[in-house]
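*Asks:* Residue strings, one per chain:
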Amino acid sequence: MPTTVPAYGKEAAGRLVSMADVTASDGALRRFLHGLPGVDAVGLQARAATLGTRSIKTSAKAYAIDLAISMIDLTTLEGADTPGKVRALCAKGVHPDPTDRTAPKVAAICVYPDMVGVAKEALGDSGIHVASVATAFPAGRAALPVKLADTRDAVAAGADEIDMVIDRGAFLSGRYLSVFEEIKAVKEACARPDGSAAHLKVIFETGELQTYDNVRRASWLSMLAGADFIKTSTGKVAVNATPPVTLLMLEAVRDFAAATGVQVGVKPAGGIRTTKDAIKYLVMVNETLGEEWLTADWFRFGASSLLNDLLMQRQKLSTGRYSGPDYVTVD
Amino acid sequence: MTFDYAPAPESRAVVDLASSYGLFIDGEFADGAGGGLRKTVSPATEEVLAEYTQGTAEDVDRAVQAARRAFEKWSALPGAERAKYLFRIARIIQERSRELAVLETLDNGKPIRESRDADLPLVAAHFFYYAGWADKLGHAGFGADPRPLGVAGQVIPWNFPLLMLAWKVAPALACGNTVVLKPAETTPLSALFFADICRQAGLPKGVVNIVTGDGSTGAALVAHPGIDKVAFTGSTGVGKAIARTVAGTDKKLTLELGGKAANIVFDDAPIDQAVEGIVNGIFFNQGHVCCAGSRLLVQESVQDELLDALKRRMSTLRVGDPLDKNTDIGAINSAEQLSRITELTAAGEAEGAERWSPACELPGSGYWFAPTLFTGVTQAHRIAREEIFGPVLSVLTFRTPEEAVAKANNTPYGLSAGIWTEKGSRMLWMASKLRAGVIWSNTFNKFDPTSPFGGYKESGFGREGGRHGLEAYLNV
Numbered sequence: 028m029p030t031t032v033p034a035y036g037k038e039a040a041g042r043l044v045s046m047a048d049v050t051a052s053d054g055a056l057r058r059f060l061h062g063l064p065g066v067d068a069v070g071l072q073a074r075a076a077t078l079g080t081r082s083i084k085t086s087a088k089a090y091a092i093d094l095a096i097s098m099i100d101l102t103t104l105e106g107a108d109t110p111g112k113v114r115a116l117c118a119k120g121v122h123p124d125p126t127d128r129t130a131p132k133v134a135a136i137c138v139y140p141d142m143v144g145v146a147k148e149a150l151g152d153s154g155i156h157v158a159s160v161a162t163a164f165p166a167g168r169a170a171l172p173v174k175l176a177d178t179r180d181a182v183a184a185g186a187d188e189i190d191m192v193i194d195r196g197a198f199l200s201g202r203y204l205s206v207f208e209e210i211k212a213v214k215e216a217c218a219r220p221d222g223s224a225a226h227l228k229v230i231f232e233t234g235e236l237q238t239y240d241n242v243r244r245a246s247w248l249s250m251l252a253g254a255d256f257i258k259t260s261t262g263k264v265a266v267n268a269t270p271p272v273t274l275l276m277l278e279a280v281r282d283f284a285a286a287t288g289v290q291v292g293v294k295p296a297g298g299i300r301t302t303k304d305a306i307k308y309l310v311m312v313n314e315t316l317g318e319e320w321l322t323a324d325w326f327r328f329g330a331s332s333l334l335n336d337l338l339m340q341r342q343k344l345s346t347g348r349y350s351g352p353d354y355v356t357v358d
Numbered sequence: 002m003t004f005d006y007a008p009a010p011e012s013r014a015v016v017d018l019a020s021s022y023g024l025f026i027d028g029e030f031a032d033g034a035g036g037g038l039r040k041t042v043s044p045a046t047e048e049v050l051a052e053y054t055q056g057t058a059e060d061v062d063r064a065v066q067a068a069r070r071a072f073e074k075w076s077a078l079p080g081a082e083r084a085k086y087l088f089r090i091a092r093i094i095q096e097r098s099r100e101l102a103v104l105e106t107l108d109n110g111k112p113i114r115e116s117r118d119a120d121l122p123l124v125a126a127h128f129f130y131y132a133g134w135a136d137k138l139g140h141a142g143f144g145a146d147p148r149p150l151g152v153a154g155q156v157i158p159w160n161f162p163l164l165m166l167a168w169k170v171a172p173a174l175a176c177g178n179t180v181v182l183k184p185a186e187t188t189p190l191s192a193l194f195f196a197d198i199c200r201q202a203g204l205p206k207g208v209v210n211i212v213t214g215d216g217s218t219g220a221a222l223v224a225h226p227g228i229d230k231v232a233f234t235g236s237t238g239v240g241k242a243i244a245r246t247v248a249g250t251d252k253k254l255t256l257e258l259g260g261k262a263a264n265i266v267f268d269d270a271p272i273d274q275a276v277e278g279i280v281n282g283i284f285f286n287q288g289h290v291c292c293a294g295s296r297l298l299v300q301e302s303v304q305d306e307l308l309d310a311l312k313r314r315m316s317t318l319r320v321g322d323p324l325d326k327n328t329d330i331g332a333i334n335s336a337e338q339l340s341r342i343t344e345l346t347a348a349g350e351a352e353g354a355e356r357w358s359p360a361c362e363l364p365g366s367g368y369w370f371a372p373t374l375f376t377g378v379t380q381a382h383r384i385a386r387e388e389i390f391g392p393v394l395s396v397l398t399f400r401t402p403e404e405a406v407a408k409a410n411n412t413p414y415g416l417s418a419g420i421w422t423e424k425g426s427r428m429l430w431m432a433s434k435l436r437a438g439v440i441w442s443n444t445f446n447k448f449d450p451t452s453p454f455g456g457y458k459e460s461g462f463g464r465e466g467g468r469h470g471l472e473a474y475l476n477v
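Line order of the protein sequences matches chains L and G. Using the numbering used here, you'd call the opening residue of the first sequence number 28 and step up by one each time. Using the numbering used here, you'd call the opening residue of the second sequence number 2 and step up by one each time.
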């Protein structure tokens with residue numbers, strides 16, 4: 028966690044202030060977050076749309092497809108999840124294309140906390156991480172001790188990464204300090220007895236935050252509280268990841284790294300289904316944050332159906348022909 | 002491994018170029034009266050694309066006579082009939098937009114991304130918009146039955162060849178005038194393709210005439226006694242010469258000339274979007290834009306932050322083959338223009354401003370200039386006063402809104418300005434103080450056929466676009 032952050036507001040002019048000052052009270056934190064540069068919605072959307080017009084062909088496309096596959100958090104988050112379903116997903120994560128063993132493996136398998144043990148066992152020493160959505164996902168409407176217990180349980184079962192949801196009610200009613208303290212507490216609950224810790228991804232549910240200014244504030248708030256990743260959404264609401272929201276979060280991460288030297292990852296989740304869409308996101312990362320973020324360590328896709336489209340496009344590139352849904356697995 | 006974008010060139014095969022072009026007079030392509038042929042080259046490669054005819058005074062006279070004869074019938078048509086032709090032209094432009102975009106990029110050097118996504122949609126939109134006015138002129142606020150002027154002589158520049166043609170031809174025809182148009186000498190091809198579109202649309206003979214050639218052809222057109230209206234877009238120097246030629250005659254005149262727009266960024270601006278707006282303001286079309294935001298006025302308190310962000314963003318601009326769909330900045334239009342940009346930037350350095358460009362490799366042949374930023378510029382520097390018409394941004398600073406207004410207005414020009422602030426009251430206050438024809442807030446270089454465009458002071462007079470654009474072609 029950084030010890031100093033940039034001062035914002037009229038007389039700031041690049042000064043740094045201590046973290047303790049910024050998080051001393053709800054009022055201080057509000058002044059800081061509301062002093063961040065504003066977001067012009069029209070301009071942000073126009074920039075995201077322009078980045079979406081890059082034409083990625085041939086060798087660049089092949090590179091992007093494999094990169095996208097390696098960044099996927101292959102996800103199953105259903106009430107009806109069973110050990111069998113999770114094991115099948117894990118097998119797919121290790122060998123996404125049974126007909127072509129050169130296809131890269133995915134970054135992580137994302138499951139509910141009670142399935143962490145199953146996934147961990149199924150993945151063995153494949154190197155694929157297990158991510159778990161803790162903290163009363165997706166609503167986040169539970170008492171803090173319950174959320175912390177949920178987190179500890181998932182970490183104890185072997186989760187490498189914890190995806191937590193923020194309390195949108197507290198955020199929207201301006202109780203920023205409460206959100207900040209909660210993220211900090213969950214981050215502490217990610218610690219393991221051996222001194223290591225699970226990575227913490229903080230989910231905003233941007234569709235519920237509504238405004239772009241709120242997304243920028245939530246990004247800074249989470250990064251100040253120690254998030255390792257910031258993530259758009261749960262995939263459980265009507266509006267999930269969009270290119271403008273993701274671009275805005277990438278810009279916040281870029282500014283935070285410039286101000287504090289701390290690198291934070293970004294994960295758009297929900298609604299990214301096609302290769303074309305995934306490549307647009309990679310272009311955004313490339314032109315906003317650069318190469319350093321173009322790895323699974325710093326950028327992820329939260330998706331379940333994206334993988335099959337990537338695999339079909341990959342087959343097309345290697346064979347010159349489109350196959351069809353029966354040439355990729357349904358898991 | 003890095004994420005290198007493989008080349009994604011647009012195919013040239015959609016454009017069928019002839020080796021040589023004549024003039025378009027009275028509905029037919031015809032040889033010139035002995036002015037000879039000129040060559041037009043692709044600025045990105047210096048490859049000769051085609052030969053075209055150097056129009057002479059005699060050719061101009063034939064074109065004006067044809068337009069004069071056509072005027073009788075064209076102006077007598079009901080507005081709804083004229084609208085049909087304009088709608089037809091607009092639709093053909095849409096159908097042939099890919100071909101025209103590639104042609105424009107070949108001849109002008111601008112990136113295909115811009116000719117495809119900005120120029121051509123706007124060209125079609127202008128014809129659609131003025132087609133809609135043709136039968137409603139009585140409701141435009143210029144009397145119950147405003148009459149056309151007659152024959153319009155139109156001279157257009159090389160920065161947006163087809164778009165400037167649309168800005169001039171569409172309102173002229175909608176109002177019932179006929180036209181003789183001279184495209185720029187470095188970019189004549191899209192106007193000749195437009196002539197073909199007029200034939201395809203079945204436009205009556207002589208309503209649109211295209212005479213290609215250099216400045217002398219334009220001078221002959223402007224001086225011809227048979228025209229009733231002169232419309233010119235181009236440099237302030239040529240504009241002044243035209244004004245002298247037309248003075249004392251009863252020809253109507255509109256001039257849309259140079260600019261040195263202030264793009265003003267306050268400390269509460271949406272920084273990321275302001276950076277995009279600055280980039281779009283000065284690097285759109287290689288800065289070959291008369292309303293380009295070529296003077297950045299930034300509040301001192303956010304200067305460092307903004308310039309860091311701007312340099313970072315400039316480093317991601319892709320300069321190169323204009324036909325590549327991933328190119329952001331294409332070629333400079335001509336060797337002459339390149340030498341003018343080079344001369345002015347050298348003056349900037351000599352006068353003590355600090356020059357910066359991102360690392361970028363420029364192609365070996367063709368005319369190229371890297372996107373360039375000058376900091377430490379003052380009002381006394383030439384690069385703060387003269388129009389450079391290239392990808393060169395001069396950065397000045399200010400401390401208070403009053404100072405921003407004073408510096409922004411302290412220019413012989415007054416075509417456009419930009420304001421970046423999250424505070425609505427300040428934005429409106431600034432807009433009322435700035436002496437410029439177009440003022441954008443939290444955006445830049447936005448064009449629409451419904452919006453009037455034109456300047457103050459040495460940026461010219463008259464308005465194009467919108468309802469105001471009709472006035473220049475009506476006897477009001």
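No lab work stands behind these hints, which were simulated from the structure alone. Hints are supplied without guarantee of correctness; some may be wrong.
[Said to hold, decoys possible] Result set (DSSO-like, lysine-lysine): computed pairs, CA atoms no more than 30 angstroms apart in a straight line:
(1) L:Lys303 - G:Lys434
(2) G:Lys253 - G:Lys447
(3) L:Lys303 - G:Lys253
[As the list claims (entries may be wrong)] Computed far set for chain G versus chain L, every beta-carbon distance over 12 angstroms:
(4) Tyr6
(5) Arg99
(6) Gln380
Idealized CB from N, CA, C, for every residue including glycine.
*Asks:* Indicate, hint by hint, whether the structure satisfies it.
*Replies:* Here is what the structure says about each hint:
A C-alpha spacing of about 46 angstroms is found between L:Lys303 and G:Lys434, which places the hinted pair above 30 angstroms, so the restraint is violated. For the proposed pair G:Lys253 and G:Lys447, the alpha carbon gap of about 28 angstroms is at most 30 angstroms, so the pair holds. Of the supplied pair hints, the one linking L:Lys303 and G:Lys253 is violated, its CA atoms being roughly 53 angstroms apart against a limit of 30 angstroms. The Cβ of G:Tyr6 sits about 5 angstroms from the closest Cβ of chain L, inside the 12 angstroms cut-off, so the non-interface label is violated.
Every CB of chain L lies more than 12 angstroms from the CB of G:Arg99, the least distance being 14 angstroms, so the non-interface label holds. For G:Gln380, the non-interface assignment is confirmed: its Cβ lies about 24 angstroms from the closest Cβ of chain L, beyond the 12 angstroms cut-off.
In terms of the numbered hints stated before, the structure departs from hints 1, 3, 4, listed from lowest to highest.
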